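Please build the complete structure, drawing on both the sequences and the hints.
Residue numbers (my numbering), protein chains in the order written: chain P, 1 to 345; chain U, 346 to 690.
No wet-lab data here; the hints were simulated from the structure. Fair warning: this is a prediction, and the values are worked out from it, not measured in the lab. There may be inaccurate statements among the hints.
[What the hints assert, rightly or not] Under the rule of at most 30 Å between Cα atoms (straight-line distance), these lysine-lysine pairs were calculated in the DSS-like manner:
id, chain 1, residue 1, chain 2, residue 2
1, U, Lys368, P, Lys206
2, P, Lys102, U, Lys351
3, P, Lys102, U, Lys366
4, P, Lys23, U, Lys447
5, P, Lys6, U, Lys447
6, P, Lys185, P, Lys247
7, U, Lys465, P, Lys6
8, P, Lys235, U, Lys447
9, P, Lys120, U, Lys555
10, P, Lys247, U, Lys465
11, P, Lys6, U, Lys351
12, U, Lys351, P, Lys210
13, P, Lys21, U, Lys447
14, U, Lys447, P, Lys185
15, U, Lys351, P, Lys120
16, P, Lys23, U, Lys465
17, P, Lys23, U, Lys551
18, U, Lys366, P, Lys210
19, U, Lys619, U, Lys551
20, U, Lys534, P, Lys189
21, P, Lys102, U, Lys368
22, U, Lys465, P, Lys102
23, U, Lys580, P, Lys102
24, P, Lys102, U, Lys447
25, P, Lys23, U, Lys555
26, P, Lys21, U, Lys555
27, P, Lys210, U, Lys368
28, U, Lys368, P, Lys120
29, U, Lys551, P, Lys21
30, U, Lys366, P, Lys120
31, P, Lys102, U, Lys534
32, P, Lys206, U, Lys366
2 protein chains.
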Amino acid sequence: MEKSKKTLAQLGTYGLMDHIKNKYISSCSNILAGLDEDAVIEDGDPLKVSSNTLLLEGIHFDLIYTPLQHLGYKAVTATITDILAMNATPLNISISLGIGNKTTLEMTEELMAGISMACKDYNIELAGFTPSSSLTGLTLSLTANGKVSDNDIALRSGASTTDIICITGNLGASLMGLHLLEREKRVLKSKQELKPELEGHEYVLKRQLKPEARLGINSILKEININPSSMIAIKEGVAAALLLLCKASGTGCRIYENKLPIDQNTLKAAKELKFNPLIAALNGGEDYELLFTIPLEEYEKNKDIIPDEITVAGFIADKDKGCRLITSSDQETDLTSPGWGQNNR
Amino acid sequence: MEKSKKTLAQLGTYGLMDHIKNKYISSCSNILAGLDEDAVIEDGDPLKVSSNTLLLEGIHFDLIYTPLQHLGYKAVTATITDILAMNATPLNISISLGIGNKTTLEMTEELMAGISMACKDYNIELAGFTPSSSLTGLTLSLTANGKVSDNDIALRSGASTTDIICITGNLGASLMGLHLLEREKRVLKSKQELKPELEGHEYVLKRQLKPEARLGINSILKEININPSSMIAIKEGVAAALLLLCKASGTGCRIYENKLPIDQNTLKAAKELKFNPLIAALNGGEDYELLFTIPLEEYEKNKDIIPDEITVAGFIADKDKGCRLITSSDQETDLTSPGWGQNNR
Numbered sequence: 001m002e003k004s005k006k007t008l009a010q011l012g013t014y015g016l017m018d019h020i021k022n023k024y025i026s027s028c029s030n031i032l033a034g035l036d037e038d039a040v041i042e043d044g045d046p047l048k049v050s051s052n053t054l055l056l057e058g059i060h061f062d063l064i065y066t067p068l069q070h071l072g073y074k075a076v077t078a079t080i081t082d083i084l085a086m087n088a089t090p091l092n093i094s095i096s097l098g099i100g101n102k103t104t105l106e107m108t109e110e111l112m113a114g115i116s117m118a119c120k121d122y123n124i125e126l127a128g129f130t131p132s133s134s135l136t137g138l139t140l141s142l143t144a145n146g147k148v149s150d151n152d153i154a155l156r157s158g159a160s161t162t163d164i165i166c167i168t169g170n171l172g173a174s175l176m177g178l179h180l181l182e183r184e185k186r187v188l189k190s191k192q193e194l195k196p197e198l199e200g201h202e203y204v205l206k207r208q209l210k211p212e213a214r215l216g217i218n219s220i221l222k223e224i225n226i227n228p229s230s231m232i233a234i235k236e237g238v239a240a241a242l243l244l245l246c247k248a249s250g251t252g253c254r255i256y257e258n259k260l261p262i263d264q265n266t267l268k269a270a271k272e273l274k275f276n277p278l279i280a281a282l283n284g285g286e287d288y289e290l291l292f293t294i295p296l297e298e299y300e301k302n303k304d305i306i307p308d309e310i311t312v313a314g315f316i317a318d319k320d321k322g323c324r325l326i327t328s329s330d331q332e333t334d335l336t337s338p339g340w341g342q343n344n345r
Numbered sequence: 346m347e348k349s350k351k352t353l354a355q356l357g358t359y360g361l362m363d364h365i366k367n368k369y370i371s372s373c374s375n376i377l378a379g380l381d382e383d384a385v386i387e388d389g390d391p392l393k394v395s396s397n398t399l400l401l402e403g404i405h406f407d408l409i410y411t412p413l414q415h416l417g418y419k420a421v422t423a424t425i426t427d428i429l430a431m432n433a434t435p436l437n438i439s440i441s442l443g444i445g446n447k448t449t450l451e452m453t454e455e456l457m458a459g460i461s462m463a464c465k466d467y468n469i470e471l472a473g474f475t476p477s478s479s480l481t482g483l484t485l486s487l488t489a490n491g492k493v494s495d496n497d498i499a500l501r502s503g504a505s506t507t508d509i510i511c512i513t514g515n516l517g518a519s520l521m522g523l524h525l526l527e528r529e530k531r532v533l534k535s536k537q538e539l540k541p542e543l544e545g546h547e548y549v550l551k552r553q554l555k556p557e558a559r560l561g562i563n564s565i566l567k568e569i570n571i572n573p574s575s576m577i578a579i580k581e582g583v584a585a586a587l588l589l590l591c592k593a594s595g596t597g598c599r600i601y602e603n604k605l606p607i608d609q610n611t612l613k614a615a616k617e618l619k620f621n622p623l624i625a626a627l628n629g630g631e632d633y634e635l636l637f638t639i640p641l642e643e644y645e646k647n648k649d650i651i652p653d654e655i656t657v658a659g660f661i662a663d664k665d666k667g668c669r670l671i672t673s674s675d676q677e678t679d680l681t682s683p684g685w686g687q688n689n690r
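Shown next, in the form of structure tokens:
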């Protein structure tokens, strides 16, 4: 089957990005943000980095259970996570807003209050705001700008064989929060007088509704003298992040199932939802954590002072070894990710 | 009536922008792109500028008569026009794409072919591409980055009393193109076997469907030793552009009806459509031209060498003189713009 005759579904998200890059190579940079790196990099001293996020009602958020203030906060978190994943410092964000006819001034204010709160928490400026009408529900388009020195920048492409794979925080909580909210929505729709079943799940709900970006990680790494060889944001599951990082670095990897950081609250929610927590961790999405690699010798020197919020979960391997998960029963299985088309390997 | 109790419609676009800036001032930059300037400005040498554009199906484009290749081209034109309006050089663009379920790979390719063609024409790089699903039709979010030296940057706020107002190209053509296409759409819907009435209107249709950004204007101005004191993009009509520029500069203005540049083809289409060409020029939208001011003495020195594509249309006045149009019959009338709420004066 000829490549160009594939459907979008067959290509998958990353296959489409690859396809567009290859087809329009002459107008593409060597590095295409989204596919090759988390953000656009521009010359300068310091280097400038910028990222772009599009959030669509019904796809990226559901206003039935998403408070607008949280949505605003989360939108900023999502956008600056791409800047943080370059080991860079975010400076400002701009927002273009598509406002549907059901949206009132009060709702717009709630949304902007969340954006404003995130700007304060992350110490960045709201540098642009352009509203327009929308026929199709609420739409948020955000641009973040940041800076990073030439010495500090961490690319996806910097990983080498034997580097150690580190993950910040924990994985899968946001997906479990989403599933709980979707369950509530179904209960509400069925109009049964059931007691809401969200109690005791505050942690995973917060991770879904108002996630925090890993703002302090670059200064923590500096303090303990660790210079990440590569870094990527975990936005669509750690599997996708690792596959993209290994592709950019021309390597393979091994990651251990029993070393994946999963919070007790996530395990509890997964059990209640009868959802495999491993799948939540690997392919969950919206974790807004960072994955980075450090050379083995830097790890050996510093392993006793690595803080709790960083977990060592595996290592980079030769490309021909592939990208594989080592299960708790010591079996090896290919890492896979939704959106990862066949032609992307 | 308390300000915060107004509706979005009462505030208007610019009133909402003002309101958000005032309400969230502590997280806002002094300069809010969209309201105070065309683009976000960041320190550096050269200065860095970035702009963000959101294009929504049904609001900003209608796929019934918009070829996807043209849409891609126009999206780039719209985005880099904000960079050009800082008297800056665009360097790259990134695109996030919301792809509805009616969109095929071929359609995505057509769109990207237009974006790629624009990148070539404008000598900029496609630096980012992130697709996602959309429930709500095609959505384009673009970010452009550019650079400009501290000496060259032209802000909206730089105009002074007695400065001359200049306009590039001509106004209102794009709106007339839009009205012709909307008329065709109505004919198609009524299923009458009418001959398409687009013949002879190629110019205004091209201005609507595949507008060109004013890429060369900063080098033309340099060549003839004109240093614009202020500049703004004309995207929602020249009236809105002038009102925003005068607000930022703390001035008023006078603009002459009979000096507004309107192409013969626009007049022809307006006549056929029974549309007042003055309204098309003042409030048309999607012109993607530039409005700038030059000090009177610079104008006097250079007036004989100003090229044809630049029209002198009026002058900056004291703030208390207001922003007014001088009609062909020598009457004065307030400049108004849709989206310009009462509280914004």
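Okay, the hints, checked on the actual structure:
Annotation: proposed proximity of Lys368 (chain U) to Lys206 (chain P) holds, straight-line Cα distance about 26 Å (limit 30 Å). Distance restraint check for Lys102 (chain P) and Lys351 (chain U): the Cα-Cα separation of roughly 15 Å lies within the 30 Å cut-off, and the hinted pair is therefore satisfied. About 23 Å separates the Cα atoms of Lys102 (chain P) and Lys366 (chain U), which keeps this hinted pair within 30 Å; it holds. For the proposed pair Lys23 (chain P) and Lys447 (chain U), the alpha carbon gap of about 22 Å is at most 30 Å, so the pair holds.
Restraint check for Lys6 (chain P) and Lys447 (chain U): the C-alpha separation of about 15 Å stays at or below 30 Å, so the hint holds. Restraint check: the Cα-Cα separation between Lys185 (chain P) and Lys247 (chain P) comes to about 39 Å, which exceeds 30 Å; the hinted pair is violated. At most 30 Å may separate the alpha-carbon atoms for a hinted pair to count; Lys465 (chain U) and Lys6 (chain P) meet this at roughly 27 Å. Between Lys235 (chain P) and Lys447 (chain U), the direct Cα distance comes to roughly 26 Å. Compliance with the 30 Å bound is thereby established for this hinted pair.
As the CA atoms of Lys120 (chain P) and Lys555 (chain U) are separated by approximately 41 Å, the hinted pair breaks the 30 Å bound. With a C-alpha separation of about 28 Å, the suggested pair Lys247 (chain P) and Lys465 (chain U) falls inside the 30 Å cut-off, and the hint holds. The straight-line distance between the Cα atoms of Lys6 (chain P) and Lys351 (chain U) is roughly 51 Å, outside the 30 Å bound, and the hint therefore fails. A distance of roughly 29 Å separates the Cα atoms of Lys351 (chain U) and Lys210 (chain P); the hinted pair therefore holds under the 30 Å criterion.
In summary, the hint linking Lys21 (chain P) to Lys447 (chain U) is supported, as the alpha carbons are separated by about 22 Å, within the 30 Å threshold. As the CA atoms of Lys447 (chain U) and Lys185 (chain P) are separated by approximately 27 Å, the hinted pair is consistent with the 30 Å bound. In summary, the hint linking Lys351 (chain U) to Lys120 (chain P) is supported, as the alpha carbons are separated by about 27 Å, within the 30 Å threshold. For the hint linking Lys23 (chain P) to Lys465 (chain U), the alpha-carbon distance of about 14 Å falls within 30 Å, and the restraint holds.
Restraint check for Lys23 (chain P) and Lys551 (chain U): satisfied, since their Cα atoms lie roughly 26 Å apart, inside the 30 Å limit. A C-alpha spacing of about 23 Å is found between Lys366 (chain U) and Lys210 (chain P), which places the hinted pair at or below 30 Å, so the restraint holds. Using a Cα cut-off of 30 Å, the hinted pair Lys619 (chain U) and Lys551 (chain U) holds, with the two alpha carbons roughly 20 Å apart. Among the hinted pairs, Lys534 (chain U) with Lys189 (chain P) is inconsistent with the structure: their alpha-carbon atoms are about 38 Å apart, more than 30 Å.
With a C-alpha separation of about 22 Å, the suggested pair Lys102 (chain P) and Lys368 (chain U) falls inside the 30 Å cut-off, and the hint holds. A threshold of 30 Å between alpha carbons decides the hint, and for Lys465 (chain U) with Lys102 (chain P) the separation of about 40 Å lies outside it, so the pair is violated. At most 30 Å may separate the alpha-carbon atoms for a hinted pair to count; Lys580 (chain U) and Lys102 (chain P) meet this at roughly 26 Å. Taking the CA atoms of Lys102 (chain P) and Lys447 (chain U), the gap is near 25 Å; set against the 30 Å cutoff, the hint holds.
With a CA separation close to 22 Å, the supplied pair Lys23 (chain P) and Lys555 (chain U) stays within the 30 Å bound. This hinted pair checks out: Lys21 (chain P) and Lys555 (chain U) have alpha carbons roughly 23 Å apart, not beyond 30 Å. As the CA atoms of Lys210 (chain P) and Lys368 (chain U) are separated by approximately 22 Å, the hinted pair is consistent with the 30 Å bound. Among the hinted pairs, Lys368 (chain U) with Lys120 (chain P) is consistent with the structure: their alpha-carbon atoms are about 14 Å apart, no more than 30 Å.
Taken as a hint, the Lys551 (chain U) and Lys21 (chain P) pair is honoured in the structure, with Cα atoms around 28 Å apart against an allowance of 30 Å. Straight-line distance between C-alpha atoms of Lys366 (chain U) and Lys120 (chain P) comes to about 14 Å, which keeps the hinted pair within the 30 Å bound. For the hint pairing Lys102 (chain P) with Lys534 (chain U), the CA-to-CA distance comes to about 28 Å; that is within 30 Å, so the pair holds. Taking the CA atoms of Lys206 (chain P) and Lys366 (chain U), the gap is near 28 Å; set against the 30 Å cutoff, the hint holds.
Going down the numbered hints, you'll see the structure goes against 6, 9, 11, 20 and 22, while the others check out.
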